[in-house]
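Student: Quick note: the sequence shown uses this note's numbering, first residue 1, plus one each step.
Please note: incorrect hints may appear among the correct ones.
[Said to hold, decoys possible] Derived lysine to aspartate or glutamate pairs resembling DMTMM-like cross-links, with alpha carbons at most 25 Å apart:
1) Lys135 <-> Glu33
2) Lys379 <-> Glu418
3) Lys379 <-> Asp260
4) Lys245 <-> Asp366
5) Lys368 <-> Glu322
6) Lys245 <-> Asp218
7) Lys135 <-> Asp42
8) Lys368 <-> Asp60
9) Lys135 <-> Glu34
10) Lys245 <-> Asp328
11) Lys245 <-> Asp361
12) Lys245 <-> Glu83
13) Lys245 <-> Glu216
14) Lys379 <-> Glu286
15) Lys135 <-> Glu119
16) Lys135 <-> Glu280
17) Lys379 <-> Glu280
18) Lys368 <-> Glu280
19) Lys245 <-> Glu84
20) Lys368 <-> Glu418
21) Lys368 <-> Asp328
22) Lys368 <-> Glu320
Since the hints were made in silico from the structure, they are not lab data.
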Amino acid sequence: MSAVSEVSVLATVDRRDAYLRELAQRVRRVVPEELGLAEVRDRALSFLNEQTWPSTRQEDWRFTDLSSLLAVEFAPTEVGTVEESNLTDLRLPETAGAQLVVVNGRVSAELSRLENLPEGAIAGSLAANPELAEKLAPYLAQASGGHETFTALNTVGFADAVVVWVPRNVAVETPVQVIYVSQAGDTPLIAQPRCLVVAESGSALRLIEDFWGYSEADQLTNAVTEFFVEASAQVTHCRIQREGKGTVHIGKTAVTQARDSQYVGTAVDFGGRLARHHWEAYQTGEQTTTRLYGLAAITGTQLADTHSLVALSHPHGTVEQEHKAIADGRAHSVFNGRMAVAQQAQLTNASQLNRNLLLSDQARIDTKPQLEIVADNVKCAHGATVSQLQADEIFYLQSRGISAAAAQRLLIYAFAMEILETIEVETLRSRLAAHISQWA
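Using the sequences and the hints given, assemble the complete structure.
Tutor: Below, the structure is given as structure tokens:
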């Protein structure tokens, strides 16, 4: 490398470092003093001070270029508002009485509806109930995987947190829906939603997270959700991302599971110009079950990047993962899925499959499924496929009187529905299916 090039690289690194430091200070200034958690935030800030803004020179960010954001001065907002009329089509009838609305990272008491929860269950705002901080201390920002740049940035500067807590042996019959709305104004916005879910031993919960927006202005959503699924608890989680065309969405879901627990998650990405989801599950007990399903349907110049990790460290664990992507136009889909099976995780049964559908010659798919197995008595499999619509399948449907365009829509719909069928809430499933049928 020439001396000029070395100077140029060093200047770029310095610029990235400075941008990250300044952004961290900016988000921290809006943290309400009464929210506390100073020790946790200081630890995250110390970590950030040793990091740099991610670049494509780093293996984990090779396909996700964030350099354009260095020219944008994102600022957190103090408050945000949204009209009830904008939420009408988002509220699900199955979740009536168990709906939390979060605007620009802060829970809105006026828009939330929480009258249909069982006794002892908690669903609400940490900022409105700061006395919860002591109860949450063993959990909040304690999940594995916290040492990641954007997760730490969220910890430094989240101004409120959604708290969902299910007591021991309690089943929450009504699914809990959290609607996250980001509303950019004249200034580019950074919103940092935070959610903590604790399902105590023997409990059951269905949670829907819906990230929504329509703005085409620059905004950055940096969301973190932590799940603690204790012994024999069962959690079903659905995460929908359908934010506006100007949004860069960075999301983290960290799941910590105890023995005999079950976590089933479905993540759907439709929106944003750049969306990246880190999805991590840590099995910390025997006979634990983890099921992850993902779908990204993107077009134009969108980029959807899913990075996942399932870490098994005890015997008799079960993992099933299937991720699908549909890419049209000049869209770019990335899947990097890793399963780590430790020596102690004997008799693991794990499968991982990534299937992709390319609808355009200019669309791009990058996929990297990974199995890292140290244990010797396991049953593990993984695979990936990238294909286009098959001419013989279209021809077959045409021979039954279906037009070529309708045949293509039908095949795309069928491809996506294999993932959407895992969503238990019928209204949500049908709305997402309608989106796919119109999108094709």
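Student: Are the hints correct? Go through all of them and say.
Tutor: Now for the hints, and whether the structure bears them out:
| no. | hint | result |
| --- | --- | --- |
| 1 | Lys135 <-> Glu33 | holds (18 Å) |
| 2 | Lys379 <-> Glu418 | holds (24 Å) |
| 3 | Lys379 <-> Asp260 | holds (19 Å) |
| 4 | Lys245 <-> Asp366 | holds (22 Å) |
| 5 | Lys368 <-> Glu322 | holds (13 Å) |
| 6 | Lys245 <-> Asp218 | holds (9 Å) |
| 7 | Lys135 <-> Asp42 | holds (20 Å) |
| 8 | Lys368 <-> Asp60 | holds (11 Å) |
| 9 | Lys135 <-> Glu34 | holds (15 Å) |
| 10 | Lys245 <-> Asp328 | holds (16 Å) |
| 11 | Lys245 <-> Asp361 | holds (22 Å) |
| 12 | Lys245 <-> Glu83 | holds (20 Å) |
| 13 | Lys245 <-> Glu216 | holds (5 Å) |
| 14 | Lys379 <-> Glu286 | holds (16 Å) |
| 15 | Lys135 <-> Glu119 | holds (18 Å) |
| 16 | Lys135 <-> Glu280 | holds (24 Å) |
| 17 | Lys379 <-> Glu280 | holds (21 Å) |
| 18 | Lys368 <-> Glu280 | holds (16 Å) |
| 19 | Lys245 <-> Glu84 | holds (22 Å) |
| 20 | Lys368 <-> Glu418 | holds (21 Å) |
| 21 | Lys368 <-> Asp328 | holds (20 Å) |
| 22 | Lys368 <-> Glu320 | holds (16 Å) |
The structure agrees with every numbered hint stated previously.
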